[in-house]
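Protein sequence lines correspond, in order, to chains G and Y. Anchor point for the first sequence: position 30 equals 134 in my numbering, and the numbering is continuous, going up by one each time. Anchor point for the second sequence: position 169 equals 1328 in my numbering, and the numbering is continuous, going up by one each time.
What the hints contain is simulated information worked out from the structure, not anything from laboratory work. Careful, some of the hints might be misleading.
[What the hints assert, rightly or not] Below, simulated PhoX-like cross-link-like pairs (lysine-lysine); rule was C-alpha separation at most 20 Å, straight line:
#, chain 1, residue 1, chain 2, residue 2
1, Y, Lys1189, Y, Lys1299
2, Y, Lys1363, Y, Lys1223
3, Y, Lys1299, G, Lys264
4, Y, Lys1266, G, Lys282
5, Y, Lys1266, G, Lys276
6, Y, Lys1185, Y, Lys1171
7, G, Lys254, G, Lys193
[As the list claims (entries may be wrong)] Short derived list, chain G residues pointing at chain Y, Cβ under 8 Å:
#, residue
8, Glu135
9, Asn265
10, Leu266
11, Gly269
12, Ala270
13, Leu271
14, Met272
15, Leu273
16, Ala275
17, Lys276
18, Ala279
19, Arg359
20, Phe360
21, Gln361
22, Pro364
Just so we're clear, the structure is a prediction, and the values are computed from it rather than from any experiment. For glycine and all other residues, C-beta sits at the position ideal for the given N, C-alpha and C.
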Amino acid sequence: MKQEVINIEFWRLSAAYLFVLILILLVKKREIKREKLIVLSTARMTIQLVLVGYILMYIFKNPSPWIVLLVLCFMESFAVYNIFKQLHKPLSKKLKLVIVLSMVIGSLVSLLYFNLIVIHFKPWYEPQYFIPIAGMFIGNSMIGITLGMKEMIENFATQKNLIEGALMLGAKPDAATKPIVNSAFDSAILPTINNMVGMGIVFLPGMMTGQILAGTSPLVAIEYQIVILIGIAGSVGISSFLSLQFGYKTFFNDRFQFIPQNEKEK
Amino acid sequence: MKKGLFYMFHIKNLRYKDILYIDELKIEEKQVTCIIGQSGGGKTTLLKMLNHMLSPDQGEIVYKGRSLFEWNPIALRREVVMLSQQPVMFEGNIRENLNFGRILSEKEPLDDEKLKEALKFVCLQKKLEDDVEQLSGGEKQRLALARIFLMDPEVFLLDEPTSALDKGTEEKIMDAFIRDARKKEKTVIMVTHSDTIPKTYADKVITIK
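Isolated chain G, as found in the complex (with noise of 0.2 Å):
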C-alpha cells in the first residue's frame, strides 16, 4: 500500500498563507493588535524553514561526520543560549557551567544509547538519522532545564528565611533546599510525563504524522514515536536532574552560607 508522497505544488503552498490572512483580519476585527507579530513570526517560520530545507538536503546528500558535529554544537550552544535567555536573572559562572555541562552531558549520554544500541544505525553520523532526533532530545532537554532552573531560582530567592532557617539548626544544604529542588525537579520532567499519558489518543504525535504521510507503515511509525519518546524523557531527565543536583550547591559557598545568586553581583 506503499504510495508516492504528494508533492505540494508552488501555488498550492501558497494558498495556505490565506489562513494567516484570516487570522490577520481577525485580531484586526477585535483589536488584538497581534498583526505585526503574526507577519513577523510567519515570515520568519517560512525563511528558516527554507533554509532549514536547503542546508539539510546539502547535508543530507554529502553525509560526513564533522557537518554532522558541527550541527550538533551549533544545538547545542543555541539550547544554551536560549536557557540563559529565558531565566532572564544575573546567574553566576558557576551555575553556566553547570547548565551547559548538564544540557550536553544529558543530551547526549541519551543520544549516544538510542541512535546506537536502540536505533542502531549505520554509520553513526547518518545525517539523515542523527540530526532531527538530536533536534528532539537536544530541544526538550532545553525546556526541561529552563523550567526546573526557573522554579528553582524563584523559590530560593521567595523562600529565602526557609533555607536559612534550616541551616541555622544544623541542616546540611541539601536536606535545607530538598523540597524547592524536588519541586523544581518535577516542574522539569511533568510537560514530558504529561505528554506520553495522552500520546496517540488526543493527539498523533509531530514525527509519527510525518512518516505517516511519508509513506511509513503505522507500525514502523509508532515504533519510531515510542523510542523517541521515552529517549526524550530520558534526555530531559538526565539533564535537569544534573542540572538541578549540581546548580544548588552553586547557591552555597564552602562554609555552606547561602548566597542568594544575584546577591553575589553586589
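With chain G fixed as given, assemble chain Y onto it according to the hints.
For chain Y alone, coordinates are given in the frame of chain G:
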C-alpha cells in the same frame, strides 16, 4: 575571669561591611547573655556570625578555643543553634514541625509524650495534628522556640524570641526556658528589645551600638 568560667566565644577586631565593628567581646559559657541596642545596629548580624551563617570581613571569632573557620560549619550549627527572628514554619503539622529541627540536624525524632511536654513548656494549647498554617504569629514563635528547645544544643542563640508575645506569656515562657537552661548548664545568648528580660535573667548585658 571568675574561677571555673570559660569563654564560649571570643571575638577579636571583628568588622562586617559598615554594620558591625567589635574590638573585643567575650561571651562566657553556661551563662545567660543578653544583647541589646537600637534596631539596625547589627545584633542579628552578630548572632548570625556566631552561628556561622555569615563570615566576618575582618577579625576572628573563636568558639571553644578554636577559630570558627576551623570548625565544620554543619557540626558547629548543631552545637550552636540559632532561632531566627521570623519563626520558620515548614509544611506540615505541629508534630512534624517540632521534630523537624532534630531531623534536619540528624538526631532521632522524639515521641508524642516529649512533644506534648514541649508544647506545654511554651504555653501552646494545640494538638500535635494541627496544621501550622492556622497558627498566629505569636503561636508560631512559641512553636519555633519549642523546636530548638527539643534539639537540646549546647548554645542557644535566640533572636528576639518573645517579640510577638504579651508580657504575661513572655514572662511565663522565659521563666521556664531560663530555669531549664541553667539546670542543664546551657549557654544562652539572646537579642531582645524587652526591658524586663535583661534585668530579670541576664548574667551579662552587651550593648551594641
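Going down the list of hints, with the structure as the test:
1. A hinted pair counts as satisfied when its Cα atoms are at most 20 Å apart, and lysine 1189 of chain Y with lysine 1299 of chain Y does not qualify at roughly 27 Å.
2. Only pairs whose Cα atoms come within 20 Å are accepted, and lysine 1363 of chain Y paired with lysine 1223 of chain Y is accepted, the gap being roughly 19 Å.
3. With a C-alpha separation of about 18 Å, the suggested pairing of lysine 1299 of chain Y with lysine 264 of chain G holds against the 20 Å cut-off.
4. For the hint pairing lysine 1266 of chain Y with lysine 282 of chain G, the CA-to-CA distance comes to about 18 Å; that is within 20 Å, so the pair holds.
5. For the given pair, lysine 1266 of chain Y sits about 13 Å from lysine 276 of chain G by alpha-carbon distance, which is consistent with the 20 Å threshold.
6. At most 20 Å may separate the alpha-carbon atoms for a hinted pair to count; lysine 1185 of chain Y and lysine 1171 of chain Y meet this at roughly 9 Å.
7. Pair hint lysine 254 of chain G plus lysine 193 of chain G holds up; C-alpha atoms about 9 Å apart against a cutoff of 20 Å.
8. The criterion of a C-beta within 8 Å of any C-beta in chain Y is not met by glutamate 135 of chain G, whose closest approach is roughly 44 Å, and the hint is violated.
9. This hint holds: asparagine 265 of chain G has a C-beta 6 Å from the nearest C-beta of chain Y, less than the 8 Å allowed.
10. Restraint check, leucine 266 of chain G versus chain Y: the minimum CB separation of about 6 Å is within 8 Å; hint holds.
11. Residue-level restraint check for glycine 269 of chain G holds (minimum Cβ-Cβ distance to chain Y is 3 Å; threshold 8 Å).
12. Because the beta carbon of alanine 270 of chain G sits about 5 Å from the nearest beta carbon in chain Y, less than 8 Å, this interface hint is met.
13. Checking leucine 271 of chain G against chain Y: minimum C-beta separation of about 6 Å stays under 8 Å; hint holds.
14. Contact between methionine 272 of chain G and chain Y, as hinted, is supported at the beta carbon level, the nearest pair being about 4 Å apart and thus within 8 Å.
15. For leucine 273 of chain G, the interface hint holds, the least distance from its beta-carbon to any beta-carbon of chain Y being 5 Å, beneath 8 Å.
16. Annotation: interface hint on alanine 275 of chain G holds; nearest CB of chain Y at approximately 4 Å, less than 8 Å.
17. A cut of 8 Å between beta carbons decides the hint on lysine 276 of chain G: the least distance to chain Y is about 6 Å, and the hint holds.
18. Interface hint at alanine 279 of chain G: satisfied, since its Cβ lies 6 Å from the closest Cβ of chain Y, which is below the 8 Å cut-off.
19. Checking arginine 359 of chain G against chain Y by beta carbon gives a least distance of about 5 Å; that is within 8 Å, so the hint holds.
20. Using the Cβ-Cβ criterion of 8 Å, the hint placing phenylalanine 360 of chain G at the interface with chain Y is satisfied: the shortest such distance is roughly 4 Å.
21. Taken as an interface hint, glutamine 361 of chain G checks out: its beta carbon lies about 6 Å from the nearest beta carbon of chain Y, inside 8 Å.
22. Among the interface hints, the one on proline 364 of chain G is violated; its C-beta lies about 13 Å from the nearest C-beta in chain Y, farther than the 8 Å criterion.
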